[in-house]
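Asks: Taking the working numbering, I'd label the letters of the sequence shown as residues 14 to 1134.
Simulated from the structure, these hints should not be mistaken for laboratory data.
Among the hints, a few may not be true.
[As the list claims (entries may be wrong)] Here are the simulated lysine to aspartate or glutamate pairs, DMTMM-like style, with alpha carbons at most 25 Å apart: (1) Lys402 - Glu345; (2) Lys555 - Glu484; (3) Lys402 - Glu344; (4) Lys698 - Asp748; (5) Lys698 - Glu644; (6) Lys734 - Asp703; (7) Lys87 - Glu149; (8) Lys204 - Glu125; (9) Lys459 - Asp426; (10) Lys459 - Asp338; (11) Lys965 - Glu982; (12) Lys300 - Glu356; (13) Lys734 - Glu454; (14) Lys599 - Asp574; (15) Lys965 - Glu644; (16) Lys983 - Glu644; (17) Lys599 - Glu563; (18) Lys670 - Glu644; (19) Lys246 - Asp306; (20) Lys300 - Asp338; (21) Lys698 - Glu714; (22) Lys734 - Asp748; (23) Lys506 - Glu975; (24) Lys289 - Asp306; (25) Lys456 - Glu374; (26) Lys251 - Asp271; (27) Lys251 - Glu344; (28) Lys421 - Asp554.
[Unchecked claim] Quick list of the computed label-pair ranges, beta carbon to beta carbon: (29) Ser701 - Pro971: 20 to 28 Å; (30) Asn753 - Glu979: 20 to 28 Å; (31) His873 - Thr896: 16 to 24 Å.
Note that CB positions come from ideal geometry on N, CA and C, so glycine has one too.
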Amino acid sequence: MIRTIQHLPSMFKRINPNKMLLQYLTLIITVACWVYQPTGAVLRNPNTKTRADYDSIENDSRYISYQDLMETAKRFTEPEIASYSEMLVDVARNQIIVGARDTLYRMSFDLEVLERADWGATPTQISMCQAKGQSEQVCRNYVRVLQPYGGNLLYACGTSAFYPNCTWRQMENLTVTGYDNGVGKCPFNPKSNITSLMTDNGKMFVGTATDFSGGDGAILKSEVLPNAPNYNKVIRTKQYNNNWLNNPQFVGSFEAGDFVYFLFREPAMEYINCGKAIYSRIARVCKNDPGGDQILRDNWTSFLKARLNCSLPGEYPFYFDEIQDMVYSYEEDVLYATFTTPENSIHGSAVCAFNLSDINEAFDGPFKHQEHSDSPWRVVHSQHNSQFKCHTPTASSRSHAHLLESSKYQLMDRAVQPITQTPLYHAKLERFSHIALDTVETKSGKINVLFVNSDRNVIKKLSLRYGVDDETPVQTCLVEMWNTEDVPILNMKYLRVTDSLYVGSENSLTRIPAQHCSRHVSRISCLNAMDPYCGWNELVDKCTPQYLREQMTKYWLQADDFSCPVLTSPIDGAWSSWSNWYKCSKNGNDDGDCLCRSRTCNNPSPRNGGKDCEGITTEVTNCTVHGGWTEWSAWSACSQTCGMAVKTRRRTCSNPKPAFGGRTCVGSERAEMYCTNLPPCPLPKPASVDGGWGPWGEWSECSHLCGGGFRIRRRECNDPKPQNGGMECPGCNIDYEDCNMQSCPEVKKLSGWTPWLIQQNRTDEAEGVTVLTEKRFRFVCRATTSDVSSMHIGVAKTENRICRDGVCQRLGEANSSDEPEYGEWGPCNVTCGGGVQHRHSEFSGKHRGKHTHSRACNMHPCPEPPAVGFNEVVAAHEWSCWTDWSPCSVTCGVGIKRRTRKCLGGHDKLCHGRAIDEEKCEMKPCEDFVGWSTWSEWSDCTKDGIRFRHRKCLVDTPNETECRGEEFEKTACVPGECEGTQMASTSTVVTIISVVILLYATTIFMTFWMTRRHYRPPAPILKNNTPSPTSYDSYPNQYSSLPTKDIYDVRPKVKRQSSFNMCSSPTSKNFNAGTLNRNNINHNHTPKVLAKSFNDCETGTLKRTSNALNNYRSNIDDEKF
């Protein structure tokens, strides 16, 4: 009531005292009636609110509780961090810079910390601040200024324990690049109000207190760039002049055109004669104001201020005088601000809007001026006001008269009136503070949305629609009410990029989405909510925000005519979010607790016949469960079958198991009972002892002195010995290793002479006697190892003699070291398909002889002759002998082995049959090789004709699939293979030579016997007479591999010493003699008299020197010897 009377001082100055008293009485009665009217507010303590006030809000369907609000909101907080008061949005980098106490943050739009920079006051500053009487809480660095510059720089200022300080930082990483003095740019006290903005040319406009006590409020312009020409120059309002500024409390600022506007509240000097009143002001300065010269030196010359009027109309208007916050719409050039009544009066708040044109019109009007402190205020029209228009400063605009009027006139006579006669929105018993703005394009047009903070911990979302009709130029509707946490809100900014409201409070920063469409569960509830952000999506049958593509917007429905929410239509209920878990008890059970959480059907509550929520309201979990015993199990079998034994039974504490603090079961979970009627136990048997290997013994001597042998060592199973049925030692008691791997020296032995062999039989016609030319051989045997295949046998010596009528005479010896002279190879007898070519060798000496050597040639197949028939070609070709079988194709399992043969003299197709023969070969199972090393080489044959090989298990503890099979393997030696004989031993060489001699003797005997049997003379031959040449068969081939022995009936009995010395050795009886045949020659396990096979070796032949046909060859095998 007192505040209402204070608004009419000028009215009373123009009437007489009697009328003035009447006016006062009338005004008192009017105000009293207004106070007690049903719709009016009642006078009460402004800080007390009844439960009915809150219940009326919470029962509103537009109310969203804090718990439901945080379902979609994101809240950031950190321990020991407070006062999230400043926010700077950097859309280009998708980040938001947040200033708090002692800290700067660089965050994403989703409040994820990208970087944190600590920025506290120094210990010296803190101690000095406290020494000046300030509290520990305020002696910190509170960030109060965040301004961008140049796109990549940040200008940040903090209180720094009542020692303002500013820094230049990089926008990308908050790195400090420079420092600046913060006095005049940041307040000393963190509780002081401040507003600031930075222009593109680096000029800083600030409205704040500039001293330690906070009593010198000012509007300043300063250069913040260190390299600026006027870096140290500051333009400000006149100091300690209440007509300019009287303890202002700044709430905001904005720039428009050539001007910068400041909004604040201050005690009104024009009302000082009638008492103290707080007025809302808007001040204006020119950006290019250079300040005064002699008059108004370093002061504004363009400073003006006017009152902002936000009131309820009437014969006696009700004023909301104290501006709290503002937001400027650059798209509409409209200023939105929140206003309240004084703190000590009836609480009320309003939101008013002002056009920029109305603001400038007030600044273009007359001034209100008071000549002296006791003189009345009067209206003054200025004659020199060009300095207030922001024109380019000239000598005339900076004249003495202009500067003098700037120093005299600051207050405008006319107040700035709002767009509408009534506030856009007002509320009783509430105090609004911060405000934010967004503009939404709906299907019916553009709608502004205001977010207004109230002292009831509620943020109200208001929709503004202009141009509804002539009577209602602006339609304002309350769309939603958001319940916030019970802490003071310090700042609010709306970010259109994320459609979210960012709220900075004393202990947190919260991002709240602007839409909560999902709380409207039906189509009619969605459309009647009249939320500009929401519409009914027919594609999903849900209330959703507008996110469809342009061609799909026809499926997103909104009300045709946007108005305020329809509260009388049916509203279907929706569940709130679940509460936090809390302790609860089960019905009828006080012994134990549960965890419960609940939800209510109030988001919104069903109204006007709307559907109720479906589902449960309470969830219960983690109830205390006390443990319970299960039934006893059956008795177990006795622990033993004789003597004293026990049997047991068990139960478990699982019926139910104790959980969530429940008691465990009391008692034993195991019961025992003695077994009766058991026979006595027999005496115990001694425990079995498994055997263990003793240490290895010394290595034995190597089996061979050279050429590779082996040696063994042994161990015994005696550490300990197996006892009482214990297990034998695993593994083998013998270990092998190779030894004496160096090569043996070559051993050479000579055989005895062979019997004389007839080389030529002729008749000397002159003397009438038979002349026999005979020859004998002596062979040499060379070897370096005991392997028979490495033994080489050759002719060492030859002897020739001529026998005439039983009297023989030697012609001399030919040593094998006298090498024959070989001729060139002759031409091949065929051009393809396999042929033979020869060369001759001659021995020099007294007895000359010729040898002929042959070898295969031109083995490539011949092309098919077109003129010859197929049968004729096949008949002309035959197969060679089969080769040996190849090794098996696998080392384990079943594989294949092959052998081949060639078609002699032509292509394989010309021979009848196949060139490749295959047969299966079965090796050891593959499982027997898992874990084993490879087999060692076969050892030499022992005296018992056995040879060995071994392998080692490579796994320390083999399983059932590893190291299967035997560690050692033995086999019988192949007959005829003298592997147990050491070639380095003299007896071995002698034995081999004896075998060779025996073979030659057998050949000679068979030749003599066959000749005697088939060729007998027709008449008796006289002694010393030569047999008739006609008594012998003719021998068509003049070449033989070895000379054959001529046979005649009567040998002259001439006593002579035999030149063939048989080698008698006591070991010769251990070797069996046998006749070599074609198959023996190629056998790998038979002593090889001829080193090569018939097909591979060159065949040495003796050419006859006469044409007599009295030589005889018994068979082809004998010819080779």
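Asks: Does each hint hold? Answer for all of them.
Replies: Against the structure, the hints come out as follows:
1. Lys402 - Glu345: Holds: Lys402 and Glu345 sit about 22 Å apart, inside 25 Å.
2. Lys555 - Glu484: 36 Å, violated
3. Lys402 - Glu344: 23 Å, holds
4. Lys698 - Asp748: 36 Å, violated
5. Lys698 - Glu644: Roughly 41 Å between the alpha carbons, so the hint for Lys698 and Glu644 is violated.
6. Lys734 - Asp703: Measuring from Cα to Cα gives roughly 7 Å; hence the hint holds.
7. Lys87 - Glu149: With Cα atoms ~31 Å apart, Lys87 and Glu149 exceed 25 Å; violated.
8. Lys204 - Glu125: 28 Å, violated
9. Lys459 - Asp426: 36 Å, violated
10. Lys459 - Asp338: The hint holds at about 24 Å.
11. Lys965 - Glu982: 12 Å, holds
12. Lys300 - Glu356: 35 Å, violated
13. Lys734 - Glu454: Violated, because 101 Å separates the two Cα atoms, which is more than 25 Å.
14. Lys599 - Asp574: 52 Å, violated
15. Lys965 - Glu644: 58 Å, violated
16. Lys983 - Glu644: 66 Å, violated
17. Lys599 - Glu563: 55 Å, violated
18. Lys670 - Glu644: 14 Å, holds
19. Lys246 - Asp306: Within the cut-off at roughly 13 Å; holds.
20. Lys300 - Asp338: 23 Å, holds
21. Lys698 - Glu714: Outside the cut-off at roughly 45 Å; violated.
22. Lys734 - Asp748: 20 Å, holds
23. Lys506 - Glu975: 76 Å, violated
24. Lys289 - Asp306: It is violated: about 35 Å lies between the C-alpha atoms, which goes past 25 Å.
25. Lys456 - Glu374: Measuring from Cα to Cα gives roughly 35 Å; hence the hint is violated.
26. Lys251 - Asp271: 21 Å, holds
27. Lys251 - Glu344: Given pair Lys251, Glu344 is violated - Cα atoms ~34 Å apart, limit 25 Å.
28. Lys421 - Asp554: 67 Å, violated
29. Ser701 - Pro971: 20 to 28 Å: With a Cβ separation near 23 Å, Ser701 and Pro971 satisfy 20 to 28 Å, so the hint holds.
30. Asn753 - Glu979: 20 to 28 Å: 27 Å, holds
31. His873 - Thr896: 16 to 24 Å: 18 Å, holds
In summary, the structure is inconsistent with hints 2, 4, 5, 7, 8, 9, 12, 13, 14, 15, 16, 17, 21, 23, 24, 25, 27, 28 from the numbered list given earlier, while agreeing with the others.
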